[in-house]
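Chemist: Protein sequences appear in the order of chains A and B.
Take numbering that gives the first Met the number 0: the final residue in the first sequence is number 327, and no numbers are missing along the way.
Take numbering that gives the first Met the number 0: the final residue in the second sequence is number 579, and no numbers are missing along the way.
Just so you know, not all the hints are guaranteed correct.
With a cut-off of at most 20 Å between alpha-carbon atoms, the simulated EDC-like pairs for lysine to aspartate or glutamate come out as follows [said to hold, decoys possible]:
1) A:Lys164 / B:Asp225
2) B:Lys232 / B:Glu249
3) B:Lys227 / B:Glu96
4) B:Lys77 / B:Glu249
5) A:Lys129 / B:Asp571
6) B:Lys227 / B:Asp92
7) B:Lys144 / B:Glu178
8) B:Lys128 / B:Glu167
9) A:Lys133 / B:Asp571
Hints were generated in silico from the structure; no laboratory data involved.
Values in this document were obtained by computation on a predicted structure and should not be read as measured data.
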Amino acid sequence: MRKFVMRRLAISVVILFFVALIIYTIMRCMPSSFVENMAREKASLPGGKSYREWLAQLNESYGLDKGIVAGFVHWLRQAVVGNFGDSWAFNVPVTAKFKTVIFDSFVLGAISFILQILIAIPLGIVAARKQYSKADYAISVFALVGISLPSFFFATILKYIFSIKLGWFDLFGMIGRMYEQLSPFGKFLDRAQHLVLPVVTLVIVSIGSLMRYTRTNMLEVLNSDYIRTARAKGLSEKRVINYHAFRNTLIPVVTIIGGSLPGLFAGAMITETLFQIEGIGYTSYQALTTGDIPFSMFYLVFMAILTLLGNLIADILYAVVDPRVRVN
Amino acid sequence: MTKQDKNDNISTSVALDDEQRVRVLSPGMLVTKRFLRNRLAVVGLAIILVMFVFSFIGGLLAPYGETQVFRKYDSIEKDYAGAAINVDYQYTDAEGETFPSLAKAQLILAINNEETSFVSKDVTYSLIKEGNEFYRVVQFEDVAKVVNLRGINRFTPVEGETFTPEIEAAYLVASEAGEESFDLDGITYYVVKSGTNTSIARAKEISMISKMIFNPYTADTVMDYDFKYAAEKAMNDKVEAFEVNGVNYEMQLDEEDNSAVFYTVNGDEKVEYALVSNVSINAAGNEFLSIDFKEAVLNAIDNGDTSFVMADNNGVDIEYNINRKNNQYTIRRFTETELIDVYSSPSKVHPLGTDGNGMDILTRLMYGGRISLVIGFVVVIIETIIGVVLGGLAGYFGGWVDNLIMRVVDIVYCIPSMPLYLILGSIMDFLKIDPKARIFVLMIILAVLGWPGIARMVRGQILSLREQDFMVATEALGIRPSRRIFRHLVPNVIPQLTVIGTMNLGGIILTEATLSYLGLGVKYPYASWGNIINAVNDIYVMTNYWFVWIPAGLLILITVLGFNFIGDGLRDAFDPKMKR
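This is chain A alone, in the form it adopts within the complex (with noise of 0.2 Å):
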């Protein structure tokens, strides 16, 4: 199992490597004016060097005045040591911006995780234990319609409906105008009033793989022998679904739940952008469209890293969780 593991964490290190190489190539690429920009506005200060001298410093400070690979090695170098440098776009050390922005990805993302499990198995499993009944078609048909909406077409629906013509919500923004004022116990509920939307947007959208998945697997479990031998044993119908059959749907669907959790912290892109939560996808998509290298690059290579996290986790899993599983 360590021997297992090890492996996997070797190979992943190998393919973040090329994954940070290749990203930091196209990054390279932009056209972006934002060093030079930089470099204009420190040299306008009074008592400052030249306009020439601080874009030397600048390029130098970034790799950016060496070639693609020695720049990519110097940024590694740094990288390696956790200095990923000063974010363009925000001012501020890149990791102490990602501070201050994870915490509330991580909030929205757990919410609307924990209320897709809770929804989305119970779901999956009624539709397979009556398959091809009107439940059924209407779950299959309530999953798919979640899986093809498009984020931004449904969260501006929210918002035209909730927000415009019933006016519960607000538009966008984490916290309402009255929030200095409010009690502590008002501000709390002030920022969950905000997370409705979003949440809304996020588990409906994505709830609709997981709910197939369990119904895939559960019907899977229910064909297989140990159901009929259980049943023929005159077992109850309830324990045969809840005893047997559940239990053995968790397998599977245990592994891909923790497979998903480093996804907590990678932010919904979309999402945080619609509603203008100051996560690490909202963050993330200024940065990336301002052409703000130092963030996009560890912002990317962070998601790299979740995924490859994830799909690790969810392999440690399936050896974990299900006996006949062995480890290679």
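Guided by the hints, dock chain B onto chain A, whose structure is given.
Modeler: Showing chain B alone in chain A's frame:
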């Protein structure tokens, strides 16, 4: 039972393996049958067919073009004329003369200092005050110089001039009376004194200066200098009738308003000729403002009205509004104007209205559907080709080839796709790539990042398929590897490929729509469902013009849903094990 009967029996009954008895269905037919039994899949198929008809045939049948801009006529309040109480001197130059603008500045100085002459560019002009704010600028041409020595005048004629004794006599009379000018034979001579020198001069008219504005009654009336001078003089002197160049004029003076109407008199006939006042009224456009209109404006300004009604040339009453700003009056009226028909509500002409560029939304939706569907199919085809080739090679050869290809798959799979699309979209923005080329680049980007899933699936399938007996047979037959992979292994993966491809189609359309919505995908002037919805970034559009964004969103939803229904149905149809 007779033999005959027996034979009959045999002939009518069918053998067990007879085709008539057992309808043998080909695997393809079986799948089709199972697929068609699935209601959701059929619905999905219907949706996609309708979408194809809507986008491809609808675009052909649509009466409008993709980027046709519609215009409409609407009455909006526009400036019609401006009126101002004139505070500046107006210059009317005599025929054949020009009063240079440089001299005008000197003139104003001279008026303010109450001087009678001024010099500009070595030319000496004289200023003759004719009345209140009414001057004449002349240039004196000396006829003779007069030197007065102890009461005896000596006259020296200027070269080229004829100095007659009549002039001398008239001068003496005038100088005795202390007058500055005298008339002789219809010519006015002036006595010009400068220091001790006196000269008799004829005046050459240069310009007439006053604050009065002359408005003709008809568009083709041209008022000459002589008339204007005579008219102003008449106003000043309150002379009701005068004659200029053989034409008789009559004046009707309104002292209170400081305005006057002039008529030409021809026998008994009195025709309105001109209106003179100190209010200048100018049309905003090139049209001719009738005198009635001007009088109405003057009246309204006098009475302090903010609006008045007047009939136009066709006798239609039009309401004019007057806005005052200091001494400026703007006369506005509602005018029919051609406008771009933006955000017009759904109507018979535009079933879904028009968008912010005045283009028909329904037509844009059809063309947008084309682009979305074409992008979807092209991307799926490209990524399937890449995925099948690489996945097939990895699965068939195994070993280091497999290892290498699968690591590449891992790397591409690990690249966060959405952020990368955003970066590439911004790069294309920076490079200002042509919108058409952009669509192709977009397809390639989507395909290059989308193939790892397919490659993994193909590899997995082939790994298990290559151990089967028929592959041993192909090897024994000595078929070459490329043929073995692509003729014998890959066709066995087609069912899974179809399912994954159909599902991917929906996903790609969603991604494309999201990118276009963010303004980084398909760009104007090309339509795409995503960039049509982009209009909701303007909250005003989102609130007031539902018809701009809801149909496009629904089309995306329905199309992606259709592909997912089909993909789902296909999976069930190919894999009947899952069903029972």
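Chemist: Taking the hints in turn, state whether each one holds.
Modeler: Now for the hints, and whether the structure bears them out:
1. A:Lys164 / B:Asp225: violated (73 Å)
2. B:Lys232 / B:Glu249: holds (13 Å)
3. B:Lys227 / B:Glu96: OK: Lys227 (chain B) and Glu96 (chain B) at ~15 Å, within 20 Å.
4. B:Lys77 / B:Glu249: violated (37 Å)
5. A:Lys129 / B:Asp571: Measuring from Cα to Cα gives roughly 16 Å; hence the hint holds.
6. B:Lys227 / B:Asp92: Distance of about 10 Å is within 20 Å: holds.
7. B:Lys144 / B:Glu178: It holds: about 17 Å lies between the C-alpha atoms, which stays within 20 Å.
8. B:Lys128 / B:Glu167: violated (26 Å)
9. A:Lys133 / B:Asp571: Within the cut-off at roughly 18 Å; holds.
Comparing the model with each numbered hint stated earlier shows that hints 1, 4 and 8 do not hold.
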